[in-house]
Amino acid sequence: MSATSSANGQELLKMVGIHKYFGRVHALRGVNFSVNRGEVVGLCGDNGAGKSTLIKVASGYHMADAGQIFFEGREVKLRSPKDARALGIETVYQEQALCPHLSIARNIFMGREPTTVLGLLDQSRMNEESMEALASMGLKLRSPHALVSALSGGQRQGVAIARAIHFRAKLVILDEPTIALSVKEVREVLDFVRHLKDQGVAAVFITHTLHHVFSVADRIVVLAHGCNLVDIRTKDTTVDELSDIIARGTLGDAAPTHKPESEAAAAALAQQATCEEDTEAEQEI
Amino acid sequence: MEAKGAGSYLPPSDYPAKRLVVDVERKMQRRTIQNLSLGGFSTPLVFIITILIFWAFSPGHRFLDPRNVAAIAKLTPDLGVVALGIGVLMICGEFDLSIASVLPTCSFIFTQLLMAGVSPFVAFVLLLPIGAVFGLINGLLVVRTGLPSFIITLSTMLFWRGIVYVASGLMPISILPYIPTGSPFAQMLTGQIGPVPVQLLWFLGIALVLGVVLHFGRLGNWIYATGSNQDAARAMGVDVRLVKIVCYMIVGSLCAFAAMMQATRLGSFAATQGIGFELKAIAAVVVGGTSLRGGVGSMVGIALGVFIIQILENGLILLRVPVFGVNTFIGLAVILFVIINNLTNRQLAGQGF
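Protein chains in written order, with the working numbering: chain P, 1 to 285; chain X, 286 to 638.
This is chain P alone, in the form it adopts within the complex:
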């Protein structure tokens, strides 16, 4: 599927032929997607391309109507976010990542609070470990008791990512992590992603802004109208070429005019072809 190797056993997450319907809307039409260990994959596409739906399937928020999901080589069924988390897939949503009225420590341990023998929260452990987790992200916050509502947008992303890696996530999915952030905050968030990579954690980075993803991603996958459009190494392409393809929503005439990238473009075209076959097959049923 992906341009990068699937043969060397490095494949962490692999999604094959994923279909998802919302009522009559066919949001995903046989999408293939994969992430290798320690790899940062950018997931791009215009509004309604199916990016969010795809990662919600990967994080157990939605169940796919058809298709297979493999994690570390084994087929898995993701029925709830809990299932995904148990495997080591953590998702960080931009708008809804944290609870603003609660402290940093309480947010980091939400849903997995350590308890003392009396069944009460082990608050000192929560506080100590959250400061450690934040430090590992290069994030220096004054106190684990500070409320999340007092943090900047970039810091909140840092807390959410620290939360994910503290629980030994193998794959962190970042849903539009740089949307509505200032330039300085964007730089912070991109640094967090590099920290993730340094620790050997794979990441999927969903964004509208190609410039952001280009500086951290190893590979970029583009969706259009619920189908795969492009799957290419970052070093084999350029921001201009990809933004052109995304705007057009199809490879169409793009392939001949961009000779240097023809190999990758051909692979992507092949992928588009499979997608169309799938939809036809779907219609027959």
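Calculated directly from the structure, the hints in this document are not laboratory data. Here the structure is a predicted model, which is why all the values come from computation and not from measurement. Idealized CB from N, CA, C, for every residue including glycine. Wrong hints could be hidden among the right ones.
[As the list claims (entries may be wrong)] Below, a list of computed lysine to aspartate or glutamate pairs in the EDC-like style, where the Cα atoms sit at most 16 Å apart:
id, chain 1, residue 1, chain 2, residue 2
1, P, K82, P, E129
2, P, K140, P, E129
3, P, K140, P, E72
4, P, K82, X, D516
5, P, K170, P, E72
6, P, K82, X, D350
[As the list claims (entries may be wrong)] Chain P is faced by these chain X residues, among others (derived, beta-carbon under 7 Å):
id, residue
7, L504
8, Y509
9, V523
10, R578
Chain P is fixed; fit chain X onto it per the hints.
Then chain X, alone, in the frame of chain P:
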């Protein structure tokens, strides 16, 4: 002013003595921050000021007369026990108006059980889960339909009110034959230990248990998260539907408890039990610093809020305000308290962090 205390994160130390100091310091920081963040700061102040005002202005300082204090201590828990549950529910972001009807319905069921020859103690044990079932119905309706809980529980309030009116024919039913004054059961719910009414001890005990659950337990963490940002809580693995249902069931059980306590105190079932509790409970909880939008509130604040509402009512009557005009002043006071709460919270938020 608090920002400084909050800022100095101290790494763990190897020396036991130093470690102890560090621990104590940390605990103090935590407490300050929690008090500030949970909005329970201005409520104690308002509580004390209210008492001082009524003490100063009631004729002959009658407000702090032991008999008046005892009367407040006996009356407050009826509303108070239910309001504690409502507070927890509102922190998780939901309302329950149906308490006004669930309470007399539970009281009616209690009376019927007694009349059928069931021992009051057995009836007591049966009533708590029955109350929880009323809460379960509310909770399921709210999470299944996704409609605002205000509407759902308004409907169930009207529903149960009708049922209990028809079933009882609006006639009071004496329970004195089954629970004579001074009987062990009456002692358990409405007796006295020394000068202290048992009702007050029940109220404080329930507040303590709920407070520990809310502030130091996992469930409490989930309740705050659900009220603060439901989507985030769900994404982080909290079963927000279950949390809401559990909160409704707590309210239902506390309604059953309050119903029995009140019926025992009155010596009778009355179809008018609990009327007006739905809004008074919300008023008490809001005066206690709880946010109507959820995610903010504390058990200490809620308990004090209940006392403030009850003291207002009692104190105004002592000040010779006409009984039927008391609500006017309570209404004014609630608005005033909420404005004070918001102002102090905003100021603290501006200073902190």
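Practice task
Measure nothing beyond the straight line between the CA atoms of K82(P) and E129(P); if it is 16 Å or shorter, mark the hint as holding.
Solution key: violated, 22 Å
Problem - Supplied contact hint for R578(X), tested at 7 Å Cβ to chain P - result: Where the cut-off is 7 Å and the nearest Cβ of chain P is about 10 Å from R578(X), the hint is violated.
Practice task
Would you check the hint for K82(P) and D516(X), treating anything up to 16 Å between C-alpha atoms as holding?
Solution key: holds, 14 Å
Exercise for the section: Mind checking the CB of Y509(X) against every CB in chain P and telling me if the closest is under 7 Å? Expected result: Since the shortest Cβ distance to chain P is 6 Å, the answer is holds.
Handout entry: Residue hint V523(X), partner chain P, criterion CB-CB below 7 Å
Key = holds, 5 Å
Exercise for the section: For the pair we were handed, K82(P) and D350(X), check the Cα-Cα distance against 16 Å. Expected result: violated, 58 Å
Problem - Straight-line alpha-carbon gap K170(P) to E72(P), limit 16 Å - result: holds, 10 Å
Handout entry: Restraint satisfaction for L504(X) [CB to CB of chain P, less than 7 Å]
Key = violated, 10 Å
Exercise for the section: Mind checking the alpha carbons of K140(P) and E72(P) for me, to see if they're no more than 16 Å apart? Expected result: violated, 34 Å
Exercise for the section: Could you grab the alpha-carbon distance between K140(P) and E129(P) and see if it respects the 16 Å cut-off? Expected result: holds, 13 Å
Figure legend: structure checked against the earlier numbered hints; hints not met, in rising order: 1, 3, 6, 7, 10.
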